[in-house]
Amino acid sequence: MGRDLDSRDLPDNARGIMTTIETGARTKFLEYVMTLGMTTMEGRGFYYPVDTAIGRDDRLYVVNRSLDIVPRGVRVTMCDIDSEYYGTFGSFGEKDGQFIWPSGGAIDSRGRVYVSDEQLHRISVFDREGAFVSRWGSHGTGEGELDTPSGIAFDNQDNLFVSDTYNHRIQKFTADGRFLLSFGSQGHGDGELNLPWGVTLDANNNVYVANWGNDCILKFSPQGEYLASYGTSGSGDGEFQRPSSVAVDGEGYIYVADWGNERVQVLDPEGGFAMKLRGQATLSKWAENFLSVNVEEGAARARANLELEIDYSVIHPHEESSHIEKFFWSPVSVKLDRAGTLYVTESNRHRIQVYKRIAS
Amino acid sequence: MGNSDVELIAHLMRRAGFGATRDQLDFYAAQGYEATAEELLNPVDERRMGDDLIRRFHPELSGMMGPNASGENWLFRMATTTTPLQEKMSLFWHGIFATGYPKVIHGKALSDQIRMFRRHGMGSFRTLLVELSKDPAMIIWLDNQDNHKGAINENYGRELLELFSMGVGNYTEQDIKECARSFTGWTIANREYMELRSQRDSDWPYGRIAWHFEYHPEDHDDGEKEFLGQRGCFNGEDVIDIICQQQATARFISRHMYSFFVANEPPVPEWPDTPPLDEQAIQQLSQAYLDSGYDITAMLRVLFNADFFKSRSSWYTKVKSPVELVAGVLRLTGEFDRPRREILDRQLQAVYMGQFLNNPPSVEGWHEGTDWLDTGSLVERVNFATQQMGDANKPGVQAMISNVAANAVGPISPERLVGECLDQMGAMSVSEDSRRVLIDFASMGGDVALGAGNSDEQSRRQIGAVLQMVASTQEFQRS
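As you go down the protein sequences, you meet chains A and B in turn. Numbers 1 to 360, taken from the numbering used here, label the letters of the first sequence in order. Numbers 1001 to 1479, taken from the numbering used here, label the letters of the second sequence in order.
Hints listed in this document are in silico derivations from the structure and should not be mistaken for laboratory results. Hints should not be assumed to be uniformly reliable.
One side of the interface only, derived from the structure: several residues of chain B facing chain A at Cβ under 10 Å [as the list claims (entries may be wrong)]:
#, residue
1, 1057
2, 1059
3, 1108
4, 1149
5, 1185
6, 1202
7, 1207
8, 1334
9, 1341
10, 1449
11, 1478
Every value quoted in this text rests on a predicted model; they were computed, and no experiment measured them. Using N, Cα and C, we set each Cβ at its ideal position, and we do this for glycine too.
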């Protein structure tokens, strides 16, 4: 089981070269396509994005957490895989349509956008263009109450599953917030939860939970019965360190944002290790545009070697990612579109890396 | 274990840490003073709010694009760590090797410097100076990226001698030049791009990119140098070896340590003309430095076990720095039992009181002692401490009130209530003047009559009000 949440860092006084090779059982499974986004405090761009919801029309709704001292960075950015920008909605605050700590995003069958808020303990609902529709949820520990709702996902009946983080459980609601079901309890044992984060459903409405504090992925039936656990604590193949998000494709492959290891792992439908990604970001269209306008910075960047091999004094992937820009840095969310294209949202790099399946 | 021993351990925890709750003091008292000091000196079992928990809820506290994040992150750690001396020593070195945001403009680089202090701040001073000289934030702060073979920039060489190791009067201008020559070629990777981003405060397109040290042998002046009377083709590490051997270095570090942990010395520029407050103490610490091969922990061990540190006459004589005050209050209130947005406000409170972590006023750091106090900052300090202690929803405050109530046998007189509250706030002892004021205040509410007519809520309010008042005493504002 994972190290204690209140415990020390990974050893940070050892010396070593980090392994950065992307290998796995099936190296040809996924192929890098492109990077989307860049950091901007407002408007076109992202600011500490923490999740991306994908509409049926493949529009991307990117949930931006911002930083606490920059309220104007809190927003949802609308764009698509072609880097078309459709505007933003939401702002910082406690009123209707506002957020304090926005966290997860999900889209219902009508195209409405749902956003969880970990500070206000509620779910806000917007239409496709970002107009506020409604909100529901209240703070507490009772049935239907929430303490720090993070990941959210719909089943195919338009019921919303909410990762109720500090209550260490998953709750199921109707789209308008009527409580239906609660399952999971706090612990480190089989089927038990510890600060769960991302949640998703497969084609059969089985529920997968990124069991963040316990370093594994849990699978539950649609009724909340515990079915399986994938992965253990560690940095080896098939092992996880604080997984933040999970997605499942039509064939049952499981994609995991292995957040603490700064990578994405793919498990086969039986839960066996399939492959891993460390990240290979390139310049997005928006980034290219920025650097073409800011000529001096673009030229200096072109002369820099951003992939230096470094003898790290701190052997921790998080630190490595802070130095090597192309690597995932806080890959917080993995989402699949209808075609099976994978979108990896990285909060600390304010971008999305896109990968597509290679026909097997 | 007598109460005086608990009070002595409380003194140790205020100076070597950020104070302790009464429950923590009971734990330490059971093992005794010396064992507690050893536990502080050997921080092997650190428990605190983990970085992963912090950065899950506060992504900026790892991405660090703005000026506040590194301080917020550090404050989380000060408020929750079980190895407080490690943080106190990082703060100590930050005050001496003061590196600031306005020139570096890279919170991650500044935070990485503090992490380096955490790793090396209680080990060999030689290692610490080598790591400091390779620290990217320090390189940019003192322009060593502009220190080239044949065109030296003296900034780092000068401050290394003047402010970081020996002090004015112990070297010549020529030594400074030779020192600078020895550090030519010590720079950061991708210097042009990183410097440009820093100058423009640019986090585009993908956030901050951490800096790392790079040595350029072709830019290093490998010629012969004469430094502090020794000749050789010195590189930076050779110069640090010579610096560490000096009696002046031993005294300089000792005096800093005495000033930080025992009693405030005047500002460093006055040291050449002002004798130390306690010459014997400086000699003891200097000897520990030299005997141990420049080991910082060996010096601290001597200090914490010395009469000049333990003496009751030194208790409550040092004004807490704003960060010490804020971290101490947060440890008592237990507010950060999980990540909370309020960490930003708490960090800003320390700024309003005059101390912005990773943003000192100059390369000389902060002036300590009573310089922390002026009319405005004193009001901020008292308001902050009393407001925080007055929030009975905070788990630490709740626990203190409950402990006072649980210890009561019958009604609690004002005198008894004040004694209990002082004890709960960390086995505090106060002057007769302070005690009289507290008792007068407590007397306005009369006896706390638990279970005898008064509602529990009213009794808890009475207890809470006295806890608040204790936070406003001059003793609470000092360590």
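A quick look at each hint next to the structure:
1. Annotation: residue 1057 of chain B was flagged as interfacial toward chain A, and the flag holds, the nearest CB pair being 7 Å apart, inside 10 Å.
2. Taking 10 Å as the C-beta cut-off, the interface hint given for residue 1059 of chain B holds, the closest approach to chain A being about 4 Å.
3. Among the interface hints, the one on residue 1108 of chain B holds; its C-beta lies about 6 Å from the nearest C-beta in chain A, closer than the 10 Å criterion.
4. Checking residue 1149 of chain B against chain A by beta carbon gives a least distance of about 21 Å; that is not within 10 Å, so the hint is violated.
5. A hinted interface residue such as residue 1185 of chain B counts as satisfied when its beta carbon comes closer than 10 Å to some beta carbon of chain A; here the least separation is about 17 Å, so the hint is violated.
6. Below 10 Å, beta-carbon pairs count as interface contacts, and residue 1202 of chain B has one with chain A at about 6 Å; its hint therefore holds.
7. Here the hint on residue 1207 of chain B is kept, as its CB sits about 5 Å from the closest CB of chain A, short of 10 Å.
8. The interface hint given for residue 1334 of chain B is violated, since its Cβ lies 13 Å from the closest Cβ of chain A, which is over the 10 Å cut-off.
9. At its closest, the beta carbon of residue 1341 of chain B sits 5 Å from a beta carbon of chain A; the interface hint therefore holds under the 10 Å criterion.
10. Below 10 Å, beta-carbon pairs count as interface contacts, and residue 1449 of chain B has none with chain A, the closest being about 34 Å; its hint is therefore violated.
11. Hint status for residue 1478 of chain B: violated, given a least beta-carbon distance of 30 Å to chain A, over 10 Å.
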